[in-house]
Amino acid sequence: MDFDFTVIADNWRFLAYGVRISVLLSVVSGLTSLVTGLIVALLRLYGPRGVRMVVVLYIDSMRAIPVLVVLVWTFFALPIVTGMTMSPFMAALIGLTVHLAAYAAEIFRAGIESVRAGQTRAALALGMSRAQILRRIVLPQAVVRMLPAFGSLLSVTIKDTAIASVIAVPDLMRQSETVAGQSFQPIEVYTFAMLMYFVMLFPVTRGVDRIYRRIAHLGRS
Amino acid sequence: MTLDWSVVWQHRDALALGTATTFLLTIATMAIAVPCGIAVAILRLYGWAPARALATGYVELFRNLPLILVVYWAFYVLPILTGLGLSPLATGLAALSLNVTAYNAETFRAGINSIRRGQVEAAMALGMSRAQALRRVVVPQALRRILPVLASTWVSLFKDTSLVSVIAVTELAYVSMQVRAQTFRVLEMLTAMAALYWLLGYPQAKLVDWIQRRFEVHE
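If you read the sequences in order, they're chains A and B.
All residue numbers for the first sequence refer to this note's numbering, where the first residue is 1 and numbers rise by one.
All residue numbers for the second sequence refer to this note's numbering, where the first residue is 1001 and numbers rise by one.
Accuracy of the hints is not assured; some may be wrong.
Just so you have them, the derived chain A footprint on chain B, three or more residues with Cβ under 8 Å [claimed, not checked]:
no.	stretch
1	1031-1037
2	1154-1160
Some chain B residues well away from chain A (every beta-carbon gap over 10 Å; in silico) [said to hold, decoys possible]:
no.	residue
3	D1013
4	L1015
5	A1020
6	T1021
7	P1088
8	L1089
9	L1126
10	R1135
11	R1136
12	L1163
13	A1173
14	T1183
15	Y1202
Quick caveat, the hints were computed from the structure, so don't treat them as lab data.
Beta carbons are placed, not taken as given, at the ideal position from N, Cα and C, and that holds for glycine.
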């Protein structure tokens, strides 16, 4: 077996572009699913009954359908329904957000519910409004407790962006496939891709862990 | 936009076969990944130093890689490493097993670690051997904590089997996209695929919720 890693050097710019797209898609879809997830969680907790039922159905459905299916449907079927075409990146962003927001919502809900009801009652007794209580009492504690779960969600997000290669988003996965196909050196290229993904993911999981250990005391009550 | 949903019913045999393959992959992967996960966890907890480092490295590596990349990697590298011409199904099974074993190993390790040391010490003070203490005191309690996690890994795995479609394993996602390509009934087939996954996955997700409520540990 001969390995020739010059193929990586030769296609350096092409692969680096893939890394950029992967990071960009991870960051943007991470943020959009966070915001959407918070809204979904608040609807599930405080919304009217009908809305709550719809939201629960949405969350459970996303837990049942694979990301691949959501992405492929968004890219190929959604344009037929809406009559609008969109770029692979846009489709991936929408698909990933729809999928990951459900998981983010569950994390928000668990975090909010973990703050004891007595605190809310005490704040109500002191004359605070519901919104004030959420902002000043519940969320500051809940956010700290949610941190480890959001750390793993971020790592899931980065891993899921690799699936967007299936709908031709030029991310690291897709670029690696292209280089591997053209150079006939799949082993070198995919091993390099593994290394790159590991380098992107490992610091995230470790970093979140360390930050959490430093601020965990802020979430205790 | 004219839709023709009959295309779904016409290809019911192919879809049924795809569904069967999806379940086969899920069951076979779990059947491999549970014992292997236990073995890796035991190596990590009680093995000698080099084995422990190796087990830790394996778990950390595969928990930090996208599964789809592992699938591609297995497809191109396994035949060269092993010298065997593996079928797509066997390759997909290997990739899924490598991935899920790493997650299971972490689950088992956390489960065993979650039982306080004092309990083993108390059991040994009562005259039990270390093996007895493990079997009679630690494992029965750890299982209650492990089962809910294994159940949710099961549902993730069920969904993740769709990723082996990229190496042409004829499971549900691959079959649906095949039919789509042959008939050009894009919306119908992709919606049918999503609906089938939903129908199969939804009860499983609900079952996981039930298991989690049932086995919740109150301390």
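Hint check results:
1. 1031-1037: Coverage by chain A is violated here, the residue count being 0 at a Cβ distance below 8 Å.
2. 1154-1160: holds (count 3)
3. D1013: D1013 (chain B) clear of chain A: closest Cβ-Cβ about 21 Å, beyond 10 Å.
4. L1015: holds (14 Å)
5. A1020: Label holds. Min Cβ-Cβ 17 Å, cutoff 10 Å.
6. T1021: The assertion about T1021 (chain B) holds, with a minimum of 14 Å to chain A.
7. P1088: holds (15 Å)
8. L1089: holds (18 Å)
9. L1126: Non-interface label stands for L1126 (chain B): nearest chain A Cβ at 35 Å, farther than 10 Å.
10. R1135: holds (32 Å)
11. R1136: holds (32 Å)
12. L1163: Incorrect as stated: the minimum Cβ-Cβ distance to chain A is 6 Å, not above 10 Å.
13. A1173: Given a closest Cβ separation of 6 Å, the condition is violated.
14. T1183: Given that every Cβ of chain A is farther than 10 Å from that of T1183 (chain B), nearest at about 13 Å, it holds.
15. Y1202: violated (4 Å)
Comparing the model with each earlier hint shows violations of hints 1, 12, 13, 15; every other hint is respected.
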